[in-house]
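Construct the complete structure from the given sequences, taking the supplied hints into account.
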Amino acid sequence: MHPLLQRIQQTFSVGVTGLAEWRGDVAVTVSRDKLREVAQFLRNDPGMDFDYIVHVSSVDWPDDEERFEVVWEFYSIRKRHRIRLKTRVPESDCVVDSLTDLWKGADFMEREVFDMMGIRFRNHPDLRRILMPDDYTEGYPLRKDFPLRGKGWRDTFDFLDEVPR
Amino acid sequence: MAFEDQRTTVYKIVNPEHPESETLPTLRTEELLLNMGPQHPSTHGVLKVILELEGERLVKSTPVMGYLHRGVEKLAEDGTYHQFIPHTDRLDYVCAMYNNFAYCRAVEKLLNLQVPERAEYLRTLVAEVQRIIGHQFWLSAQALDIGAMTVFFYCFRDREILLDWFDELCGARLTTSWYRIGGVERDLTPSLIDKLKQFLDYFPPKIDEYQVFLERNRIWLGRTKGVAVISAEDAVSFGLSGPVLRGSGVDYDLRKYEPYSAYPKCEFSVPVGKNGDTYDRYWIRVMELYESVKIIRQCLEQMQEGPIMADVPSVTLPPKERVFTNLEAMIQQFKLFSQGFDAPPGEIYCGTEAHKGELGFYIVSTGGGKPYRLKIRAPSFVHMGAFDHMARGYMISDACTIFGTYDVVMGECDR
Chain X
1 MHPLLQRIQQ
11 TFSVGVTGLA
21 EWRGDVAVTV
31 SRDKLREVAQ
41 FLRNDPGMDF
51 DYIVHVSSVD
61 WPDDEERFEV
71 VWEFYSIRKR
81 HRIRLKTRVP
91 ESDCVVDSLT
101 DLWKGADFME
111 REVFDMMGIR
121 FRNHPDLRRI
131 LMPDDYTEGY
141 PLRKDFPLRG
151 KGWRDTFDFL
161 DEVPR
Chain G
1 MAFEDQRTTV
11 YKIVNPEHPE
21 SETLPTLRTE
31 ELLLNMGPQH
41 PSTHGVLKVI
51 LELEGERLVK
61 STPVMGYLHR
71 GVEKLAEDGT
81 YHQFIPHTDR
91 LDYVCAMYNN
101 FAYCRAVEKL
111 LNLQVPERAE
121 YLRTLVAEVQ
131 RIIGHQFWLS
141 AQALDIGAMT
151 VFFYCFRDRE
161 ILLDWFDELC
171 GARLTTSWYR
181 IGGVERDLTP
191 SLIDKLKQFL
201 DYFPPKIDEY
211 QVFLERNRIW
221 LGRTKGVAVI
231 SAEDAVSFGL
241 SGPVLRGSGV
251 DYDLRKYEPY
261 SAYPKCEFSV
271 PVGKNGDTYD
281 RYWIRVMELY
291 ESVKIIRQCL
301 EQMQEGPIMA
311 DVPSVTLPPK
321 ERVFTNLEAM
331 IQQFKLFSQG
341 FDAPPGEIYC
351 GTEAHKGELG
361 FYIVSTGGGK
371 PYRLKIRAPS
381 FVHMGAFDHM
391 ARGYMISDAC
401 TIFGTYDVVM
411 GECDR
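Order-wise, the sequence lines are chains X and G.
Under my numbering, the first residue of the first sequence is numbered 1, with each subsequent residue one higher.
Under my numbering, the first residue of the second sequence is numbered 1, with each subsequent residue one higher.
Here are the simulated DSS-like cross-link-like pairs (lysine-lysine), alpha carbons at most 30 Å apart as the crow flies:
| # | chain 1 | residue 1 | chain 2 | residue 2 |
| --- | --- | --- | --- | --- |
| 1 | G | Lys74 | X | Lys144 |
| 2 | G | Lys320 | G | Lys370 |
| 3 | X | Lys79 | G | Lys274 |
Here are the simulated distance ranges between beta carbons:
| # | chain 1 | residue 1 | chain 2 | residue 2 | range |
| --- | --- | --- | --- | --- | --- |
| 4 | G | Gln339 | X | Phe157 | 23 to 31 Å |
| 5 | X | Asp126 | G | Glu305 | 52 to 60 Å |
| 6 | G | Pro86 | X | Phe157 | 19 to 27 Å |
| 7 | X | Glu138 | G | Ser338 | 29 to 37 Å |
| 8 | X | Arg149 | G | Arg173 | 28 to 36 Å |
| 9 | G | Ser191 | X | Asp145 | 51 to 59 Å |
| 10 | X | Lys144 | G | Leu32 | 38 to 46 Å |
| 11 | G | Leu32 | X | Glu91 | 40 to 48 Å |
| 12 | X | Asp126 | G | Glu17 | 40 to 48 Å |
| 13 | X | Asp145 | G | Leu34 | 34 to 42 Å |
If you are wondering where the hints come from, they were derived from the structure by calculation, not from laboratory data.
We treat Cβ as the ideally placed atom computed from N, Cα and C, and that holds for glycine.
Structure, rendered in structure tokens:
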């Protein structure tokens with residue numbers, strides 16, 4: 001097992017629900033209530049030292065009980081290693097802790113996740129839509145149930161049906 | 001109006017040496033909200049920033065983005081892996097080659113696909129040509145924003161040579177789509193190699209020329225030195241990358257520290273700044289022009305004959321000549337584009353050092369021919385996150401300098 005994963009497994013006996021290493025990428029899945037604790041550990045522990053935020057992303061799994069997966073990716077400038085931190089949230093309670101106070105860059109990235117997938121971030125300083133207009137009410141575009149052609153006033157267009165095969 | 005009340009401050013100017021000044025009328029000052037963009041020429045596309053001003057000083061700035069949002073990540077979920085390559089051209093439309101490169105690398109990491117050596121050299125070479133174009137474009141735009149117009153014409157004159165070179169290479173000047181999953185679309189011809197060698201001899205003196213225009217220009221120095229300073233710690237915390245991060249003295253270049261393609265076989269140095277101001281970022285980019293020339297020369301020297309596409313028929317496209325002459329090859333090409341290949345389930349992140357910064361692709365696959373989720377980590381978007389922090393306290397005219405110093409392209413920022 002990768003030394004980073006070993007270290008995390010030793011430190012957190014509960015809350016870590018998955019450790020994975022694939023194609024050289026190291027990923028940790030944590031339960032939602034432990035997210036902040038693990039993130040603080042990754043940021044502040046001298047052996048981890050993840051000071052650089054790479055991206056925040058989200059994946060929609062409509063068939064799962066906990067529908068959304070929020071993904072953070074970190075890098076350490078001094079130690080030169082990477083890690084991916086993941087957590088799951090159910091659709092009924094789409095809230096996860098914001099990590100903006102640990103990594104400043106998380107601000108815009110988390111706003112994008114909110115805009116595209118509708119996941120709210122607790123204690124985020126300015127949680128507004130970022131790419132879609134502020135008054136956009138047609139939902140969250142990257143959810144799997146959002147049609148590719150769009151929603152709302154576009155539904156009134158005369159789309160040509162696909163040619164039956 | 002309550003809104004106005006909050007923002008209006010009344011200062012009474014009283015000079016203790018002149019008590020009669022108390023009888024003078026009071027001076028009313030208030031914070032001014034100014035919309036900059038979306039049609040401002042120096043916002044590099046369609047970016048709007050709401051500036052809160054106190055006099056001419058920026059108190060707070062709020063970027064408003066999304067004017068160029070086309071839902072590329074959503075489109076990716078609907079097409080096969082091969083079909084997405086032309087979409088990547090339209091991300092950072094100034095430097096399409098690097099987007100193709102970053103995307104193809106990510107898919108190759110997902111598939112665990114080895115690219116033949118000649119293809120790796122070709123990829124590195126063309127990526128560095130693209131880096132030169134990108135930096136020339138940046139330099140001309142930044143100088144133009146600040147008011148130095150001459151450099152713009154000189155940079156565009158030389159950029160044109162390389163764009164014509166791209167035209168001969170792949171038939172397009174900007175939207176190139178030359179990279180393929182597992183290799184590249186076509187090889188260099190002798191004429192292309194000759195032209196590139198001529199350019200390599202021609203270009204380094206021209207870089208000196210650009211510097212002559214700017215480094216003794218008092219206006220340029222005044223408007224870049226000490227402007228938009230960001231500390232190393234903040235730059236890292238914001239996730240800045242590329243020359244913007246290296247300008248603050250952080251040595252972070254994926255070409256060196258997570259080497260890929262033919263970069264480990266080439267000798268080059270990574271310039272790192274000290275002060276974290278606009279001038280250092282300018283200096284880094286100009287130095288990178290020299291380094292790119294060095295890398296291209298080494299690639300041309302070291303390159304050996306060989307295949308330019310990995311031989312994995314289930315994934316990679318057959319050569320174009322065979323597609324037009326051989327039925328099986330045509331069927332293979334057709335099936336690869338319409339149905340795609342079967343990617344293994346899993347998720348990867350792959351970052352590439354584009355000239356703007358770290359351009360990364362996060363791909364989640366559940367098997368099958370289409371990506372389940374594809375996230376683009378665009379450097380321009382991340383850089384805009386630090387805009388408010390970097391602009392605070394500077395003059396309103398410095399706002400243009402700060403857009404410029406990020407090298408922001410809205411196609412990539414809004415995706």
